[in-house]
Amino acid sequence: MEIRIPFNPHLSMKNCQSRAILAQFAEFRLLTAGQIRILFRVSVFQKQIGEEAMHLGIVRRRWIGTSALALALSGYSPAQAQGAPAGADSAEPVNDIVVTGSRIARDGASAPTPVTVIGADYMAQRAQTNVADTLNELPSFRPAQTPAGSSNRSQVAGSNFVDLRGLGSARTLTLIDGKRFVPSAGTGQIDLNNIPSILIDRTEVVTGGASASYGSDAVAGVVNLVLKKDFTGIQGEMQYGQSQKDDANEYRAALLVGGSLLDDRLHLMAAGEFYSNDGVGDQYTRDWGRKRPGLVVNPVAGATPTRVITNNVHDSRMTDGGLITSGLTWGSLTGTVDPRLIQFSADGTPAPFTVGQSAGSQLMIGGDGDSYFYRGFALLPRMERKIGYGRIAYDVSDSLRIFGDFSYSDSQVNGQSANAYNYGNLTLSADNAYLPASVRSAMVANGLSTVSFGRWSGDIGQVKSDISTKTLRTVVGIEGSLGADWTFDGYYEYGRTRYTALLTSSRQPALFRQALDAVVNPATGNIVCRIALTNPSTACQPFNPFGVGNFDADSVDYFTGTQVLKQTTEENVVSANIQGSVLQLPAGPLKVAFGAEYRTEKANSMSDAASQASLWEYGNPKPLNGSYNVKEAYGEINVPVLRDAPFARSLDLSGAFRYTDYSTSGGVQTWKVGAEWQVADFLRFRATRSRDIRAPNIAELFTPSVLGPNTLRDPQTGASYFVNGITSGNANLKPEKADTLTAGVILTPDSHIRLAVDYFDIKINDAISTLALQSIIDRCYNGETALCAQVVRNSSNVITDVTNRYINIASLKNRGIDIEFSYRLPLDEISSLPGTLSFRNFATHTIKYTTSDGLVTTRLDGQAVNTVASVPSWVVNTNLSYEVGRFQMLAQGRFISAGKYDNAYVEGVNINDNSIPSRFYVNLSAQYKLLDSDLGNVEIFAVINNLMDKDPPLVPVYGVGATNFAYYDVIGRSGKVGVRFKF
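Here the sequence shown is numbered in our numbering, starting from 1 and rising by one per residue.
Please keep in mind that the hints were generated in silico from the structure rather than gathered at the bench.
A quick note: this is a predicted structure, and the numbers were derived from the prediction, not measured.
Watch out, some of these pointers could steer you wrong.
[As the list claims (entries may be wrong)] Pairs of lysine-lysine residues, derived as DSBU-like cross-links and limited to a Cα-Cα distance of at most 30 Å, are as follows:
no.	residue 1	residue 2
1	Lys976	Lys291
2	Lys291	Lys245
3	Lys982	Lys950
4	Lys976	Lys929
5	Lys386	Lys291
6	Lys976	Lys470
7	Lys813	Lys763
[To be verified] Label pairs and their computed distance ranges (CB to CB):
no.	residue 1	residue 2	range
8	Phe722	Glu784	41 to 51 Å
9	Met889	Asp750	58 to 68 Å
10	Lys763	Ala346	29 to 39 Å
We treat Cβ as the ideally placed atom computed from N, Cα and C, and that holds for glycine.
Make the full structure from the sequences, and use the hints.
This is how it looks when you write it as structure tokens:
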């Protein structure tokens, strides 16, 4: 990706350190907001027609310094490139300019690694309440872990993790001002809900491996959130939004204040932000959800197709009031040959149940009953977050600054998870005290002591997840100049996240079966649990399962409760960096950068006793205690090879090397080499080759052993029996290793057009993953001796235990192309019309994406099913804006290409329809400045998302949802209005 450079019209000679410094940049070509080439002169700025794309960073006045990661121009945004006033949202004046893109500040050429920059103006145009929402609109990101995509995931509901290339959020390194941020969980990801949007000046994305420059986890790339610095004045925002269905009601208010004291040497900033969203109900609140979409497996052996995607899918073996699934029919009850099953109405009386087509063990097409599983699964959870931030910086001298950042966030999420249910796997005895007399008589008449029973137990209370995340972060540091062009920075960071997850109305199956087995006590005539006949001291209370809500509340209290997980994650980081020129070569200065970092990560958690014993129906979090430390050192070099030579306006080579020593896995090396070749004004090539790593996180290393019975087949004997399955972390894990290649070309044929095309190829080996227990047994039997250590047999050669631990066994390969095309046209160049029309298009084409568990390779590109990290073949984001005077309008189109439900399926054989249609979403936004003066501005804005109210395509996966939440909009048409001001 490329960026365009806006020129700040407020830049003047007094903002520069000196005329001498300005003269150093006399021949640097910069792009203004109007895409007009500027040649810096000692005393004047001369406008010329043309264009040059450069990755630039801003250094503060009085001293030259770089952050740990300053990837591109401060204050740049696509909105500015499309016509927003350059510098309008700049938090500080543009002063000295240095080229970045790595840890080296280089004069002249762009970095060889693709960089995309999204500025605050773009977030404002889209009225985004979270920077993750902005990033997930870029085609290179897979928006898998968002509030809409995680509302039914009990322990991560409402989270916002970013995921480049669909390789997993743990493989995208997220930084704040180039510095580490405390993880939100033991899995190492950063929840962007903790970052105040009003503070973000720009977001920089390196779409390529960058571990050598920035450390572990930068396998897919780096996301760096650059916060505003030295802000002076007051800035605020207020907005309200809701969907067309009068839900998803959201409220946001934010305020930023700042100023300077002590002759402009002491800089103070403070910010606060509040956000609330009332959430959205389940899929039945939407027209597409009420069609009851689903995937039904054909129950007839050998029949084709084996799967059918269709609407009007019902549950075949449970109802709200209960369903007898085997043993009796309605004919048995009525003395006829009626084959219908027996269900129970809301009042508990028997009624016939008609079975639909293709009825299997869970689902059927049509028939009685309903589609129960997705009932109550919120499309968007309720959320509330409060964030506070403060910054103090003091210029000790013109070449030294000390600073401190302090932030605290409190995020509350209320989601919903699956209710308690049973697909015909319950047993009812003929002497059940609540069984209607007619049913009991039919059982006796047919010689039945028991029948099978299914029930959707939504009436015992919706299972809800209440998640609280409180994050504290403190950073203190120094930065400055050592003379000439040598700069340095160093910092210490401490972060702590306290996470609490409560899963209320959870059911314990063993206790539920005790309460369900209700009989009449012959001694007293009272209805009691059968267990009470032999254990009078039991707390068991009998439960009436027939009908809806016909039970005593005490019985529900007996078998339901709250799962509890409390976890504290801590991070300590000490880092130091230095860079500058060491030698003047004919083509320019040879520059180097080097530094070191020490980091500790620690997580400990506790859970309730029932979870530790795995008594709940699902969830059952376990205590976790683990820590590790990392020591690392790196070096970078940039070598200018040619300047103003034939066929080479410039040629630069670069390299980086990092040695990292993990306390858990030992030392590992990462490296990167790159080249940037400016052939002519209109043509530039770039390429990078790197070795990158991801270290195992605390959860993968230290998850404790959890024992659970599983029915598994022994390939040696062919017998199936219960085997203890042991899931656990693995302290012997090694870092994943990735080889990344990026190569691109940038074309700028005239002042209005630019095209950047970049190829990427990422190969991850020794990826950390787990295998299915049966797969471990089978693969050991077939000769993979490394897995045999996880299978334990007794003296009789019978399998007793199988350990399913994280291991370095998987691999991932992803290659594709990123495309950025931009066009900008002041209308007065071709007509008498006022204003400026701008077009910017991002596209990512995934050529091939595969994952392998060491035996089976699965292709993920062009696949829509959402049980794995699938990615569409094409994702395109197009922005068309028009600006005139105080008014600006943006039309955005987002395209997701058509694909297959599952690449492994053959249409007509494995599934009736394996095609998933494309989707094109249209979003509109407009903003108008009521006040625009030297004192400040006041602006009103409005946004409409999913203007055409497009429903998501049908991509049902049982237990996950009726569509792919990562890519398709499930909320429908929605809008936002608000006001923002700055003085």
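Checked hints:
1. As the CA atoms of Lys976 and Lys291 are separated by approximately 28 Å, the hinted pair is consistent with the 30 Å bound.
2. Taking the CA atoms of Lys291 and Lys245, the gap is near 17 Å; set against the 30 Å cutoff, the hint holds.
3. The straight-line distance between the Cα atoms of Lys982 and Lys950 is roughly 36 Å, outside the 30 Å bound, and the hint therefore fails.
4. Taking the CA atoms of Lys976 and Lys929, the gap is near 17 Å; set against the 30 Å cutoff, the hint holds.
5. Taking the CA atoms of Lys386 and Lys291, the gap is near 38 Å; set against the 30 Å cutoff, the hint is violated.
6. At roughly 28 Å between alpha-carbon atoms, Lys976 and Lys470 fall within 30 Å of each other, so this suggested pair holds.
7. Proposed proximity of Lys813 and Lys763 is supported: the alpha carbons are some 4 Å apart, at most 30 Å.
8. Judged by the Cβ atoms, the range 41 to 51 Å given for Phe722 and Glu784 is violated: they are separated by roughly 24 Å.
9. Against the hinted window of 58 to 68 Å, the Cβ-Cβ separation of Met889 and Asp750 comes to about 25 Å, which falls outside the hint.
10. Look at Lys763 against Ala346: about 58 Å separates their beta carbons, and that is not inside 29 to 39 Å.
Violated hints, in rising order: 3, 5, 8, 9, 10; the structure is consistent with all others.
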